[in-house]
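J.: Given next are the chains, with one letter for each unit.
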Amino acid sequence: MVFGEFITVDTNGFSDIINITDKVQDVVHKSKIEAGIVNIFVTGSTASISTIEFEPALVEDYKEQIDRLIPHDLKTRHSETWGDDNGFSHIRATLMGPSIVVPISNGRLVLGTWQQIVVVDHDNRHRNRKIFVQCMGE
Amino acid sequence: MVFGEFITVDTNGFSDIINITDKVQDVVHKSKIEAGIVNIFVTGSTASISTIEFEPALVEDYKEQIDRLIPHDLKTRHSETWGDDNGFSHIRATLMGPSIVVPISNGRLVLGTWQQIVVVDHDNRHRNRKIFVQCMGE
Amino acid sequence: MVFGEFITVDTNGFSDIINITDKVQDVVHKSKIEAGIVNIFVTGSTASISTIEFEPALVEDYKEQIDRLIPHDLKTRHSETWGDDNGFSHIRATLMGPSIVVPISNGRLVLGTWQQIVVVDHDNRHRNRKIFVQCMGE
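Chains as they are written, first to last, in this note's numbering: chain A, 1 to 138; chain B, 1 to 138; chain C, 1 to 138.
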């Protein structure tokens, strides 16, 4: 069985983190799949999917550290060429990747207690993000 | 066909690396799947799954470099708020991600000769890690 | 349904980026799968798979930044032990991971308009890379 659909979330950019665990679980529930996997994939080249213990102190820590590694005011050829000032966003997204895959068991996501599925939006402005959630199994 | 189960490993923390290739191959063998994929997913928010040429010199190099990028003595809001001193562990885990997917062909993992599947435990203490290995295919 | 095969690409190393989107789409087309997923996995321990807006300015930016984070002239125990001078390549590959999974819908890859699937070759020399493209679905 295969069941997939887009979910959408409003984001703030600059690597802000949005918890999408409940939305992903809703798609898994609709799929009626009891055992299998779910692929969570963000379309666009300036965002990533990962997991985190979703609590506000850690979200701030993460944003501070990714900004130390790849600064938001980085001079890039991409920004100079295209004038959109988000070269740093692309580099962060390529480093972290656009997708994760989470197991489904007994119709539920297999996650740790303090582990949430998140979209990380690295762009330099508000976005409405489209994330494809593809469930496969039996 | 879908077949999955947890494997467990004892880990040392501070981004130590454990080779789980044989354990993953054992689950693939039990699944009797000849062609498909296997999703390797670590539950918890302070560990990652990746691949590496698993040899001791490189494991030390990796640990040194991840510690240079995200230091283990980093001051974090997370550690101050929750008192568990592992904010750095969470940030490393979110950067690297909790899962990979490896192809199965002829009943075997498709890997390079010098490429092993590993869990990287970023936490600041010994853990007994649970990793879900989900096989799908035919 | 499961359909997979290797694709090959010639690469330049030092984290150069090669666009493999069309080759992956060709395998998806051959699989005749309308809805499902495709797992793109690079064999070997010195390369990664990710997505990027594939344009030359950004490729140069990315190469410059990954070289700032994990320099190509890094002294490593791995290089000293094995004499192949590519310890930095391994560390970059483990950080970024060997695989991504992309959804298939209506027989097409689900990607953003400016989002391409790429292999990033971190090694320190030319390589002929083998990438397994495994399609699953119905």
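Be careful, since some hints might not be right.
Which copy is meant is left open, so a pair is good if it fits within one copy or across any two.
What the hints assert, rightly or not - DSBU-like cross-link-like pairs, simulated, lysine-lysine; straight-line CA separation at most 35 angstroms:
| hint | residue 1 | residue 2 |
| --- | --- | --- |
| 1 | K75 | K32 |
| 2 | K30 | K63 |
| 3 | K75 | K30 |
| 4 | K130 | K23 |
| 5 | K63 | K130 |
| 6 | K75 | K63 |
In case anyone wonders, no lab produced these hints; they're calculated from the structure.
J.: With identical chains treated as interchangeable, where does the CA-CA distance between K75 and K63 reach 35 angstroms or less: within a copy, between copies, both, or neither?
T.: both (19 angstroms within a copy, 14 angstroms between copies)
J.: 35 angstroms Cα cut-off: does K30 pair with K63 within a copy, between copies, both or neither?
T.: within (33 angstroms within a copy, 42 angstroms between copies)
J.: One pair to classify: K63 and K130, alpha carbons no more than 35 angstroms apart. Within, between, both, or neither?
T.: both (21 angstroms within a copy, 28 angstroms between copies)
J.: Evaluate K75 and K30 at a C-alpha cut-off of 35 angstroms and name the case that applies: within, between, both or neither.
T.: neither (45 angstroms within a copy, 42 angstroms between copies)
J.: At most 35 angstroms between alpha carbons: which applies to K130 and K23, within, between, both or neither?
T.: Both: 12 angstroms inside a chain and 25 angstroms across chains, each within 35 angstroms.
J.: My question is about K75 and K32: at a cut-off of 35 angstroms on alpha-carbon distance, are they close within one copy, between copies, both, or neither?
T.: neither (48 angstroms within a copy, 44 angstroms between copies)
Against the hints set out earlier in the document, violations occur for numbers 1 and 3.
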